[in-house]
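Residue numbers (this note's numbering), protein chains in the order written: chain A, 12 to 280; chain B, 3 to 83.
Calculated directly from the structure, the hints in this document are not laboratory data. The structure presented is a predicted model; accordingly, all values stated were derived computationally and were not measured. Treat the hints with care, as some may be off.
[What the hints assert, rightly or not] For the chain B half of the interface with chain A, some residues (derived, Cβ under 7 Å), not all of them:
#, residue
1, P13
2, P18
3, I23
4, S26
5, L29
6, N71
7, V73
Every residue gets a Cβ at the ideal spot worked out from N, C-alpha and C, and that includes glycine.
Take a look at the letters that make up each chain.
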Amino acid sequence: MVFGFRSLVFECKSKLYFHSLSKTKNQGPKTKCEAFMKFGVVVFPGSNCDHDAYHVVSKHVGQPVDFIWHKQTDLSGYDALIVPGGFSYGDYLRAGALAKFSPVMKAVKDFAASGKFVFGVCNGFQILCEAGLLPGALIRNSGLHFVCRHINIRVENENSPYTSELEKGEVLSIPIAHAEGNYVCDDQTLAELENNNQIIFRYCDETGETTDEANPNGSRSNIAGICNKEGNVLGMMPHPERACEELLGSNDGRDIFRSLTNAISISEK
Amino acid sequence: MKAKVYVTLKPSVLDPQGKAIHHSVELLGFEQIKDVRQGKYFEIALDSAVSETDAKETAEKIAKNILANPVIEDYKVEIVQ
Numbered sequence: 012m013v014f015g016f017r018s019l020v021f022e023c024k025s026k027l028y029f030h031s032l033s034k035t036k037n038q039g040p041k042t043k044c045e046a047f048m049k050f051g052v053v054v055f056p057g058s059n060c061d062h063d064a065y066h067v068v069s070k071h072v073g074q075p076v077d078f079i080w081h082k083q084t085d086l087s088g089y090d091a092l093i094v095p096g097g098f099s100y101g102d103y104l105r106a107g108a109l110a111k112f113s114p115v116m117k118a119v120k121d122f123a124a125s126g127k128f129v130f131g132v133c134n135g136f137q138i139l140c141e142a143g144l145l146p147g148a149l150i151r152n153s154g155l156h157f158v159c160r161h162i163n164i165r166v167e168n169e170n171s172p173y174t175s176e177l178e179k180g181e182v183l184s185i186p187i188a189h190a191e192g193n194y195v196c197d198d199q200t201l202a203e204l205e206n207n208n209q210i211i212f213r214y215c216d217e218t219g220e221t222t223d224e225a226n227p228n229g230s231r232s233n234i235a236g237i238c239n240k241e242g243n244v245l246g247m248m249p250h251p252e253r254a255c256e257e258l259l260g261s262n263d264g265r266d267i268f269r270s271l272t273n274a275i276s277i278s279e280k
Numbered sequence: 003m004k005a006k007v008y009v010t011l012k013p014s015v016l017d018p019q020g021k022a023i024h025h026s027v028e029l030l031g032f033e034q035i036k037d038v039r040q041g042k043y044f045e046i047a048l049d050s051a052v053s054e055t056d057a058k059e060t061a062e063k064i065a066k067n068i069l070a071n072p073v074i075e076d077y078k079v080e081i082v083q
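This is chain A alone, in the form it adopts within the complex:
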């Protein structure tokens, strides 16, 4: 029990540290130290950003987090899942195509259907699309190259659970690292995404213009991240978990995690 108390204090300190370094434009509800929430990072064979996600949740978000091996089928007790980046199943067949058959995915679908939060990054976004939790698909970058650099994304919808601490039109510097990030969907799906405000992030230049030149992979309508109709499932190709420390070139990703913790806090009230 002593250990539990010590970790509680540590987590509260981490949270204060996190908030103290975060921008405070939006004076919305803040997560309270006593409102603990549990995160899970789903790990497939070939996931390689699982430790990055774990690091950010434990060190900066300041909440308990577990790795969840893909064979696990019980997700009770978790408030949010992160489906991390990497190369699940070596990207065999199509990126994310084989991961959707892992035992954990049935539980992930039930978890999402219950309204809890599922956050897919990069390969995680590809998996969520393949699994049908998000519409559309991600194909080979139009320029064919693997692109690994910081890009800019613009917040399109500030009312989602993942962007409540951000402002509409705000430009974030977040790194990408992918060869299959070219978002495609048919006209009807695009219209639905726009009508339902499901497009959360678009690639843009430094001034916030969504130009072709600022689109690193040919994604339709410069789409960098979308959510489902209910808003609790988000997929994005850029890596916010790699943009939570100045040392890494940007800490713009922290507001996304801060928004998510606030959303969980509100949903539990």
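For this one, chain A is given, so just place chain B on it according to the hints.
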């Protein structure tokens, strides 16, 4: 018995890999080539006791659920003895 499954990108989906191959083909001097599209080909061996109808039905299900992503791809199944 064998099922041959061909998976191709829908005509409306851009194929950057096919474009790159087309470019290389042109560099080889084949200027009369109008377009190249890349796809995937699978061979599925089935128990010889399975009827051709059942084999086709099974292969269609595999193609639809695993081999192709219906959002971006079409598929075609052929059964050969």
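Hints the structure fails to honour: When the structure is compared with the hints, numbers 1, 3, 4 and 5 turn out to be violated.
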